[in-house]
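Asks: Given next are the chains, with one letter for each unit.
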Amino acid sequence: MEYNNRLLLKGNEALVYGALLAGCDCFFGYPITPASEIAHSAAALFPKLNRVFIQAESEIAAINMVIGAVAEGRRAMTASSGLGISLKQEEVSYLAAYEMPAVIADITRGGPGLGNIGPEQADYFQLVKGGGHGSYKCLVFTPNSVQEMCDMAYDSFRMAEKYRMPAYIMADGVIGQMMESLTLPEPAAYDYDPEWKMGRIVDGKANIITSIYLEHDDLEELNRRLQAKYRLIEETEQRAEEFMTDDAEIVLVAYGISSRVAAGAVAMLREEGIRAGLVRPKMVFPFPKNALRKLLNNGHARALVSVELSAGQMIEDIRLAIDCRLPVHLCNRMGGNIPSCGDICDMVKAIRKEIKQ
Amino acid sequence: MSRKYRIVIAHEECKGCRRCIPACPKNLIAVGGELNKQGYFSVHAEHPEDCIGCGSCYLQCPEPGAITIYQTEE
Amino acid sequence: MSETVKFGKSSVFFDTFERRPGPIRKNMHYCPGCGHGILHKLIAEAIGHCGIQKDTVLIAPVGCAVFAYYYFNCGSISVAHGRAPAVGTGVSRANPKSFVISYQGDGDLGAIGFNEFIQAANRGEKMTVFFVNNANYGMTGGQMAPTTLPGQKTMTSPYGRNTATDGFPLKVCELANALEAPVYIERVALTTTPRIRDARKAVFKAVENLRDRKGFSLVEVLSPCPVNLKMSAQEINAFIEERMEKYFPLGCFRDRSSETFPAPMPPPPVRDPEKVKELLFPRKLNIGVPKTFRNESKIFNYERRIKIGGFGGQGILSLGIMLANMAKLRNFNVTWMPSYGPEQRGGSASCSIILSHSKIPSPLIDRDCNLLIAMTQTALEKYIHELKPNGVLLYDSSTMKRPDVTPDKKVLGIDALDIATNRVGNPKCANSVILGALSVILIDHYLEGEDKLDFDRAFEEAIIDGFSSKPEVIKQNLYAFYEGKKVALERDKAKDNPA
Numbered sequence: 001m002e003y004n005n006r007l008l009l010k011g012n013e014a015l016v017y018g019a020l021l022a023g024c025d026c027f028f029g030y031p032i033t034p035a036s037e038i039a040h041s042a043a044a045l046f047p048k049l050n051r052v053f054i055q056a057e058s059e060i061a062a063i064n065m066v067i068g069a070v071a072e073g074r075r076a077m078t079a080s081s082g083l084g085i086s087l088k089q090e091e092v093s094y095l096a097a098y099e100m101p102a103v104i105a106d107i108t109r110g111g112p113g114l115g116n117i118g119p120e121q122a123d124y125f126q127l128v129k130g131g132g133h134g135s136y137k138c139l140v141f142t143p144n145s146v147q148e149m150c151d152m153a154y155d156s157f158r159m160a161e162k163y164r165m166p167a168y169i170m171a172d173g174v175i176g177q178m179m180e181s182l183t184l185p186e187p188a189a190y191d192y193d194p195e196w197k198m199g200r201i202v203d204g205k206a207n208i209i210t211s212i213y214l215e216h217d218d219l220e221e222l223n224r225r226l227q228a229k230y231r232l233i234e235e236t237e238q239r240a241e242e243f244m245t246d247d248a249e250i251v252l253v254a255y256g257i258s259s260r261v262a263a264g265a266v267a268m269l270r271e272e273g274i275r276a277g278l279v280r281p282k283m284v285f286p287f288p289k290n291a292l293r294k295l296l297n298n299g300h301a302r303a304l305v306s307v308e309l310s311a312g313q314m315i316e317d318i319r320l321a322i323d324c325r326l327p328v329h330l331c332n333r334m335g336g337n338i339p340s341c342g343d344i345c346d347m348v349k350a351i352r353k354e355i356k357q
Numbered sequence: 001m002s003r004k005y006r007i008v009i010a011h012e013e014c015k016g017c018r019r020c021i022p023a024c025p026k027n028l029i030a031v032g033g034e035l036n037k038q039g040y041f042s043v044h045a046e047h048p049e050d051c052i053g054c055g056s057c058y059l060q061c062p063e064p065g066a067i068t069i070y071q072t073e074e
Numbered sequence: 001m002s003e004t005v006k007f008g009k010s011s012v013f014f015d016t017f018e019r020r021p022g023p024i025r026k027n028m029h030y031c032p033g034c035g036h037g038i039l040h041k042l043i044a045e046a047i048g049h050c051g052i053q054k055d056t057v058l059i060a061p062v063g064c065a066v067f068a069y070y071y072f073n074c075g076s077i078s079v080a081h082g083r084a085p086a087v088g089t090g091v092s093r094a095n096p097k098s099f100v101i102s103y104q105g106d107g108d109l110g111a112i113g114f115n116e117f118i119q120a121a122n123r124g125e126k127m128t129v130f131f132v133n134n135a136n137y138g139m140t141g142g143q144m145a146p147t148t149l150p151g152q153k154t155m156t157s158p159y160g161r162n163t164a165t166d167g168f169p170l171k172v173c174e175l176a177n178a179l180e181a182p183v184y185i186e187r188v189a190l191t192t193t194p195r196i197r198d199a200r201k202a203v204f205k206a207v208e209n210l211r212d213r214k215g216f217s218l219v220e221v222l223s224p225c226p227v228n229l230k231m232s233a234q235e236i237n238a239f240i241e242e243r244m245e246k247y248f249p250l251g252c253f254r255d256r257s258s259e260t261f262p263a264p265m266p267p268p269p270v271r272d273p274e275k276v277k278e279l280l281f282p283r284k285l286n287i288g289v290p291k292t293f294r295n296e297s298k299i300f301n302y303e304r305r306i307k308i309g310g311f312g313g314q315g316i317l318s319l320g321i322m323l324a325n326m327a328k329l330r331n332f333n334v335t336w337m338p339s340y341g342p343e344q345r346g347g348s349a350s351c352s353i354i355l356s357h358s359k360i361p362s363p364l365i366d367r368d369c370n371l372l373i374a375m376t377q378t379a380l381e382k383y384i385h386e387l388k389p390n391g392v393l394l395y396d397s398s399t400m401k402r403p404d405v406t407p408d409k410k411v412l413g414i415d416a417l418d419i420a421t422n423r424v425g426n427p428k429c430a431n432s433v434i435l436g437a438l439s440v441i442l443i444d445h446y447l448e449g450e451d452k453l454d455f456d457r458a459f460e461e462a463i464i465d466g467f468s469s470k471p472e473v474i475k476q477n478l479y480a481f482y483e484g485k486k487v488a489l490e491r492d493k494a495k496d497n498p499a
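Chains as they are written, first to last, in the working numbering: chain A, 1 to 357; chain B, 1 to 74; chain C, 1 to 499.
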């Protein structure tokens, strides 16, 4: 049979394709706009490969089912949006403590509260800073195209398994809902047999999975081990795309749908002779500090602009990354609105004027 | 062929809850006078060879290994 | 003469509890006289009897039994409060060869995790749940549980449980018995020896059901908690038998074990890369163009922005997908973005399509639209302001009057619904009629040279590619497409040669 690996898919569907091609065996989910197509697509496709799809009774049950499947040594995932992710935080903390991988897609929507289904990027804090209890981190991928929804879903399993920790794919409603053409990766060979798996006996004792450490020193040791792992990830796994940053006077920083609008703005500004650039984090944990720090010494960058669909969440990490050595402005919309390229250009021009004075 | 039984109570594993005492149809079990290392007055069987092997005390005992009943075929 | 053990420690338990921290390695951590130990022994014995130790996964709750894994030498997971049946569902579905035992207390199952419990029961998950009902929260220090009796004093009901404000004790077996799926439901008590023998039978049956993949079994165990309830061994037995059993009657609520057949083992997951590709990768069709191909008409030097609006059922979104498909087949970058959410349910539907030879910034259109396709009056009124000067408006003239727009705009009406209904015989094909009319406008007015010929093919290919899994739909839509084209051409001709 001859196949074509290029097709037109919604971002949410592409994510399911990426997961299946990566060897994901189980999907557990609960419908929520704008993430529902992930469950639709998984319900249609997983059973065709004798893989598991369950519509769980709640977000909480779904992520717990993920824990069960991962405990059995299977690749498993769930997907939701904003408020649904809030509900899952308990188990994300458990997964971090268990040191078990899992993939969780968050197709973000407007908040707080029930908010609306428009695209916001206000889940940054809950995903990047650890939305549950305890000192833990999760890998956070931030795709900005349908192609990346597939590719990052595919990669997220590998990285989550490599570091034995949960990985989020954080995409906004626009990236989830839009269709674009994409090229599918080849199916991964199945070679997965993790050591924590149930049924395995080590030194005469059956494997157990637990997150309770009554002895304070034992729990401190777990925490130290986790923090060392997070430091290693920050040192080795930063991912960002740099667009016209070499000589840029004003550098935009944006991910997801914001980064696409920002890239459009950079192109418009460049046409007018304004030296703008864009750093696009492809992951926000680890945060691409190196790409931002580079700007400090290149003699061009005068100001940064965080373009976000939130009240300003990522902006804190930008400031930390550059030790507040450059002014960082916020260009944001909320409530499901998206700034236009023109809005961003206007802001950049105003900042530039201020600098020149 | 006759069967004989023998009850053995592990002094250190008994928490002295006394569930076994009324359970024994032969009234073989009683509280002993000695504290064990965990700080409990453990029970002991007064005539362990009089055990009839009914298993009542074993079923009542919440500890996995505090009571063992042996059977001998002769 | 040989001596054997008639009653003794189960080999399902570790001989020495090395996982238990501290110096005590032979005892359990439970208080003296606690029912957990009695139940642990019955479960261990049943696992041994069924020969399923290696593949048993015991899910430990939050509560006193959180450390069950200190004692049982079988796979074990200590999970969040109340979530054991959900984790168990994941275990059992991911590996149907596993045997899931969910061990839960009153807070875990009856309060914080009741939904996970009742839903797993309702799905008939292949698992056995042991529910330890001791009428209070033991581990946290004797607070009120959902199962605390009316008037019973606890740390959080110091004046006695007041049914007017705290409700009545939760009858878990009775609630589960309202469901279709469970196979076996029984309530037992760990008090006098005959009752413990009955409990043993129930535990064995529930574990045998597990071994035989019969479905969901529940054993509720009225269990002594003498320390928190400040009673002696005798007093606690009396409390259970005289007070608890009044409220929680013992007995078998349901036993369909003998008439239930073992569930068949699901087939293993398909992981063969070729099979995966067969499902996910589209078949190669003899359409499209080489990777290096580029349409060269001037209009493609810029991003082209198309908005389509109408109501649900008119094929608004699929018309957009056909256009996006066409762009894909001609190597354009393309985005398709639907309106999503409540708007869908309000009846209206719209989508935005952008095609470009460069990267497309945002897929949303709220201005500078080059082509607006309006299938309803409402859509027209909603989106006409987004149309650029010199933009093209295409509308369904069978459902609306010719709109009044500024003269710089090119307007074409086509009786899409009429044609689809009367000539094609399927009103759902109105969108393909529109596509036909669109091809005429594009080819006649905007495309240059070879592109004219190529686009004639491109539209057809988009229909074929878009419906590749449904040949009969392709045929009908192609027919609608040609009809749309014909009518648009006739109208163009009539305009050029007015009679």
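Hints are supplied without guarantee of correctness; some may be wrong.
Calculated cross-link-like contacts (lysine-lysine; reagent style PhoX-like; alpha-carbon spacing at most 20 Å) [to be verified]:
no., chain 1, residue 1, chain 2, residue 2
1, A, Lys-48, C, Lys-275
2, C, Lys-54, C, Lys-153
3, C, Lys-97, B, Lys-26
4, C, Lys-284, C, Lys-97
5, C, Lys-230, C, Lys-201
6, C, Lys-284, A, Lys-205
7, C, Lys-201, A, Lys-197
8, C, Lys-452, C, Lys-486
9, A, Lys-205, C, Lys-153
10, C, Lys-428, C, Lys-359
11, A, Lys-48, C, Lys-470
12, A, Lys-289, A, Lys-129
13, C, Lys-382, C, Lys-359
14, B, Lys-26, B, Lys-4
15, C, Lys-409, C, Lys-298
16, C, Lys-359, A, Lys-282
17, C, Lys-26, B, Lys-4
18, A, Lys-197, C, Lys-475
19, C, Lys-277, A, Lys-48
20, C, Lys-298, C, Lys-230
21, B, Lys-37, C, Lys-171
Here are a few chain C residues that face chain A, going by a calculated C-beta distance under 7 Å [stated by the list, open to error]:
no., residue
22, Ser-76
23, Ser-78
24, Thr-89
25, Lys-171
26, Leu-175
27, Ala-178
28, Ala-181
29, Val-270
30, Pro-273
31, Phe-281
32, Asn-286
33, Pro-290
34, Tyr-302
35, Arg-304
36, Trp-336
37, Tyr-340
Hints listed in this document are in silico derivations from the structure and should not be mistaken for laboratory results.
By construction, the Cβ of each residue, glycine as well, lies at the ideal position given by its N, Cα and C atoms.
Asks: Going by Cβ atoms only, is Ala-181 of chain C closer than 7 Å to chain A?
Replies: Violated, about 14 Å.
Asks: Mind checking the alpha carbons of Lys-382 of chain C and Lys-359 of chain C for me, to see if they're no more than 20 Å apart?
Replies: Violated, at about 28 Å.
Asks: Check whether the Cα positions of Lys-197 of chain A and Lys-475 of chain C lie no farther apart than 20 Å.
Replies: Violated, at roughly 52 Å.
Asks: Between Lys-205 of chain A and Lys-153 of chain C, is the straight-line Cα distance small enough, at 20 Å or below?
Replies: violated, 42 Å
Asks: Verify the interface restraint on Ala-178 of chain C: the C-beta must sit less than 7 Å from at least one C-beta of chain A.
Replies: violated, 16 Å
Asks: Given the hint that Lys-452 of chain C pairs with Lys-486 of chain C, test it: the Cα-Cα distance must not exceed 20 Å.
Replies: This hinted pair holds, its Cα atoms lying about 16 Å apart.
Asks: Given the hint that Lys-409 of chain C pairs with Lys-298 of chain C, test it: the Cα-Cα distance must not exceed 20 Å.
Replies: Distance of about 19 Å is within 20 Å: holds.
Asks: When you check the alpha-carbon spacing of Lys-298 of chain C and Lys-230 of chain C, does it fall within 20 Å?
Replies: violated, 90 Å
Asks: Does Lys-277 of chain C pair with Lys-48 of chain A here, judged by a C-alpha cut-off of 20 Å?
Replies: holds, 12 Å
Asks: Verify the interface restraint on Pro-273 of chain C: the C-beta must sit less than 7 Å from at least one C-beta of chain A.
Replies: holds, 4 Å
Asks: Does Thr-89 of chain C hold up as a contact with chain A if the rule is Cβ-Cβ below 7 Å?
Replies: holds, 5 Å
Asks: Taken at face value, is the distance from the CA of Lys-205 of chain A to the CA of Lys-284 of chain C at most 20 Å?
Replies: violated, 52 Å
Going down the numbered hints, you'll see the structure goes against 2, 3, 4, 5, 6, 7, 9, 10, 13, 17, 18, 20, 21, 25, 26, 27, 28, 32, 33, 34, 35, while the others check out.
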